[in-house]
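Participant: For reference, the chains in residue letters:
Protein chains: 2
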Amino acid sequence: MRRFVIGRARNLLENSCQNYQFQRYLLSSSQSSYRFLSSTPVVDSLSSSYSPYSTMAPPITVNTINPKVLECEYAVRGEIVTLAQKLQQEIQAKPEAHPFEEILYCNIGNPQSLGQQPITFFREVLALCDHPSILDKSETQGLFSADSIERAWQILDQIPGRATGAYSHSQGIKGLRDTIAAGIEARDGFPADPNDIFLTDGASPAVHMMMQLLIRSEKDGILCPIPQYPLYSASIALHGGTLVPYYLDEATGWGLEVSELKNQLETAKSKGITVRALVVINPGNPTGQVLAEENQKAIVEFCKQEGLVLLADEVYQENVYVPEKKFHSFKKVSRSMGYGEKDISLVSFQSVSKGYYGECGKRGGYMEVTGFSADVREQIYKVASVNLCSNISGQILASLVMSPPKVGDESYESYRAERDGILSSLARRAKTLEDAFNKLEGVTCNKAEGAMYLFPRICLPEKAIKAAEAAKTAPDAFYCHRLLTATGIVFVPGSGFRQVPGTWHFRCTILPQEDKIPAVVTRLTDFHKSFMDEFCD
Amino acid sequence: MRRFVIGRARNLLENSCQNYQFQRYLLSSSQSSYRFLSSTPVVDSLSSSYSPYSTMAPPITVNTINPKVLECEYAVRGEIVTLAQKLQQEIQAKPEAHPFEEILYCNIGNPQSLGQQPITFFREVLALCDHPSILDKSETQGLFSADSIERAWQILDQIPGRATGAYSHSQGIKGLRDTIAAGIEARDGFPADPNDIFLTDGASPAVHMMMQLLIRSEKDGILCPIPQYPLYSASIALHGGTLVPYYLDEATGWGLEVSELKNQLETAKSKGITVRALVVINPGNPTGQVLAEENQKAIVEFCKQEGLVLLADEVYQENVYVPEKKFHSFKKVSRSMGYGEKDISLVSFQSVSKGYYGECGKRGGYMEVTGFSADVREQIYKVASVNLCSNISGQILASLVMSPPKVGDESYESYRAERDGILSSLARRAKTLEDAFNKLEGVTCNKAEGAMYLFPRICLPEKAIKAAEAAKTAPDAFYCHRLLTATGIVFVPGSGFRQVPGTWHFRCTILPQEDKIPAVVTRLTDFHKSFMDEFCD
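As you go down the protein sequences, you meet chains R and U in turn.
Just so we're on the same page, this note's numbering is the position in the first sequence counted from 1, plus 7.
Just so we're on the same page, this note's numbering is the position in the second sequence counted from 1, plus 7.
Please note that the accuracy of each hint is not assured.
No distinction is drawn between identical chains; accordingly, a pair holds when it is met within one copy or between any pair of copies.
[Claimed, not checked] Derived EDC-like pairs (lysine to aspartate or glutamate); straight-line CA-CA distance at most 20 Å:
1. Lys181 <-> Glu97
2. Lys339 <-> Glu192
3. Lys93 <-> Glu385
4. Lys181 <-> Glu331
5. Lys333 <-> Asp540
6. Lys276 <-> Asp522
7. Lys93 <-> Asp185
8. Lys389 <-> Glu86
9. Lys413 <-> Glu78
10. Lys332 <-> Asp382
11. Lys93 <-> Asp382
12. Lys389 <-> Glu80
13. Lys446 <-> Glu273
14. Lys389 <-> Glu78
15. Lys523 <-> Glu448
16. Lys144 <-> Glu541
17. Lys93 <-> Asp200
The set of hints was computed from the structure by calculation and includes no laboratory data.
My request is simple: use the sequences and hints to build the entire structure.
Facilitator: Shown next, in the form of structure tokens:
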């Protein structure tokens, strides 16, 4: 081996045009070859020259990992859920282990886990794109709708070599971005540029990308609604920034007041925080409100005046349940005010996880990025390219969501029926649960105008609050824990979403199937009564 | 509206048990309602009390975004590729625009983009899991192999409610992790725990997760091989850490010397860097070497002695082309040395993107995490849960890769033929290209024992180096640029992977289809000759 090493080294030296550094490098390498060939562990030969204790890396403990990881929290899959999973396993092992037969997960916006069915047309297209070799088989005609076969061909023709297993362009397949841009334009009445679209594995990675871009240090702040979906607080913590809260007004159906934005901005500035962006979740999570267009205009104006990036989380854009409200994208609102690329920096997030499609596990989504300079856009592109691209099935789904079957398509009627069935059912469940909450003593619940959640406020008796303190847990978490162990129902404590200090809430999804809702209502109502009996004087 | 606000507010006040803070909050809200209802932009009413210039957020420019984003680079999709895409568009518009008919992308490990076909059985299973309603149709029997149907049922039974569109457990579907753990055990002969598996959207997000966990500041260092796959340098930069280089020995076929690890570790410590982990890519990227088992034992011993986390990138574990080498996982090597959970912290990365399956676009992969305390594991789980879960298709693929058809299965023969066809072809292409490079004047090329790349060293004439300097570009980038514009061939300059200072390389994949390889060789050879003629005196 050594002869070989030296021979090769000589060749390389002779060939080398810049050999000084390389000579030095090689010399140290050939000396070290001896140690490599020796069976003595390297350390022993050095043990006389160092103390293992002083040079060893610190062990990996919670005290030596990145403190930002410690700081970040994500209650949607937090302690209450871990406990629920444990109880579920106990019931599976021994059905009489608890005073309930099943866990009713109302903690997470995960519709298909609770029986919601996927949109048939979407899954037909995905399956065909996964296995294109069946496209021209006769049996396929009998198994799949004609328009799903046609759409699969169309999509495959947009993918170089029809290779659905290849990495795509870092922003996603161009043809799919064209489709999405066309869908955005059809929705808004204003043009969208496919080059502004970045397809991502769900909306969450896109949010992380923007937080990573905007946050330089803990002196950079991001205005976030309180209550908020805890992806934002987690992401800001992970990226070392500061969450600047603005409080939604529970008394006005979770209204978003620009004066509150202004106040919080000034307060942050007075603390030396540079606020860089405003997060708006519309329709809201966990609060379910749909902003009025005038409100949105005031928000856009605020961002423009203050030079803030507007981060518009619009993943629930298809979930609006009340006739008096309508979803308007912030892109549309900005453009309708005459504001273009030069006026406002806007990032709009969409996902395939919500709406009527509920394809959470497929991890599809995108951000539409407008109003940034070309060189900042290059940086965004660069960060996207480090991860190469998002998953192709998710990309395909995103294009289907933004361009579903149209009137006249073979699948249109069944698509429409599936979609309307899901949305009307969601609206009914939202109402049923809202009414149920409002009947509970000490509980008030705003209407869920949209999204998938209710966020009732619970007024807890003093005795309960003291019991919570004794148990070293927040009062709303105490309530949720008691609820779970008594009934199997899983809500997420409001603390997980933040709330006006001194108020308590919990988030409940509207997703259990309609036939389960009566059980949820009954168990909840009975539990609540006995809880109040126990803790009220 | 105001009457409504005040009425609701009164109700809430009466109901409120802890109303002091809430009263204050409400009072400021009702005052601010006036501004909300007014059509005057909020800013005007405050304009007397602030200067717009001093309070506005700094505009978003490359100088005001996170500098870590600016620092990170990813050459695999860098400038040379952007130029190639531009030239490609020019040829599509005007075929005679350049002295070549097509771009030959040899820059990225993306096999299916260059014609490699997916494994039929894998795609059958994916398609069936995407659209399970066809599973019991008679036409399906005619279109899909019986064992793919059976496997799809098996997988669906492992998914609660058979809901492939639902978010799964944050670490991935349990049943799939069981399959993967069994596959690891079959491969290594040592047990694997499904609870140690974290399924991720490809290996890259798993790498990012570990960097995020381990890097607290720029004082934390990660030992990385030079040359390295630039995900590592990019991730370390994005997380604010320090890359501590260790040089692979080109003269010994890119050997990894433990003495070099020791030297670099000591150097880093003397600069005040706390080295936390060692990255080893085996088989190597871009270098293609497969480590000898003895070498791996020395590496494991080194990590144990120094208390470093071993980050084992093993995504090319199925790509070994030489009979004298074999892939041994670091998990197997550690366990075979008698080292268990208490002895070494080891994270092993695998992906569905490489091997013989090449499913880059599906974004499937996992990390197997062993040797960390329970509370650190909880933190890893928490970070994984912020993104909810990886895409289900990728999870399914990962389980198929670790548990492919077995002897006796209906699909075994065709699966084996597809697999062997791809691997033997890769081995042939590796050899053909290696020989072609070694024939070029001033170029030496180590054998690609594994992975998907060659990393030849080029000795550039002084005149070329000066021309590169004048063009303000690195010499290897200069060569690659010239190569591209003359021939359409896309290599990535070695600078993108780092190299011993003063040496120049480029990375070429072995992925163009076999029938394209002669064209690559001919064009490259002709170009190289004229380049040397131009720049040698």
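Participant: So, for every hint listed, does it hold in this structure?
Facilitator: Here is how each hint holds up against the structure:
1. For the identical chains of this complex, Lys181 and Glu97 are inter-copy neighbours only, at 17 Å across copies versus 49 Å inside a copy, given an alpha-carbon limit of 20 Å.
2. Proximity of Lys339 to Glu192 under the C-alpha cut-off of 20 Å is restricted to the intra-copy arrangement: shortest distance 9 Å within a copy versus 55 Å between copies.
3. In the homo-oligomer, the alpha carbons of Lys93 and Glu385 lie at most 20 Å apart only across protomers (15 Å), although the nearest pairing inside one protomer, at 46 Å, exceeds that limit.
4. Proximity of Lys181 to Glu331 under the C-alpha cut-off of 20 Å is found in neither arrangement, the shortest distances being 37 Å within a copy and 44 Å between copies.
5. For the homomeric pair Lys333 and Asp540, neither the shortest alpha-carbon distance inside one copy (42 Å) nor that between copies (69 Å) is at most 20 Å.
6. In this assembly of identical chains, Lys276 and Asp522 lie within 20 Å of each other by CA distance neither inside one copy nor across copies; the values are 51 Å within and 64 Å between.
7. Taking the shortest Cα distances, Lys93 and Asp185 sit within 20 Å of each other only across copies (19 Å), while inside one copy they are farther apart (46 Å).
8. For the homomeric pair Lys389 and Glu86, the shortest alpha-carbon distance between copies (10 Å) is at most 20 Å, but the shortest distance inside one copy (36 Å) is not.
9. Neither within a single protomer nor between protomers do Lys413 and Glu78 lie at most 20 Å apart by alpha-carbon distance, with minima of 47 Å and 46 Å respectively.
10. For a Cα distance limit of 20 Å, the shortest separation of Lys332 from Asp382 qualifies neither inside one copy, at 38 Å, nor across copies, at 46 Å.
11. For the homomeric pair Lys93 and Asp382, the shortest alpha-carbon distance between copies (18 Å) is at most 20 Å, but the shortest distance inside one copy (50 Å) is not.
12. Proximity of Lys389 to Glu80 under the C-alpha cut-off of 20 Å is restricted to the inter-copy arrangement: shortest distance 7 Å between copies versus 28 Å within a copy.
13. For a Cα distance limit of 20 Å, the shortest separation of Lys446 from Glu273 qualifies neither inside one copy, at 40 Å, nor across copies, at 68 Å.
14. Taking the shortest alpha-carbon separations for Lys389 and Glu78, only the inter-copy value of 11 Å comes in at or below 20 Å, while the best intra-copy value is 28 Å.
15. In this homomeric assembly, Lys523 and Glu448 never come within 20 Å of each other (Cα to Cα): the closest approach is 23 Å inside a single copy and 75 Å across copies.
16. Within a single copy, Lys144 and Glu541 get their C-alpha atoms no closer than 67 Å, and across copies no closer than 56 Å, so neither meets the 20 Å cut-off.
17. When the C-alpha separation of Lys93 and Asp200 is checked against a cutoff of 20 Å, the pair qualifies only between copies, where the shortest distance is 19 Å, while the shortest distance within a copy is 48 Å.
Violated hints, in rising order: 4, 5, 6, 9, 10, 13, 15 and 16; the structure is consistent with all others.
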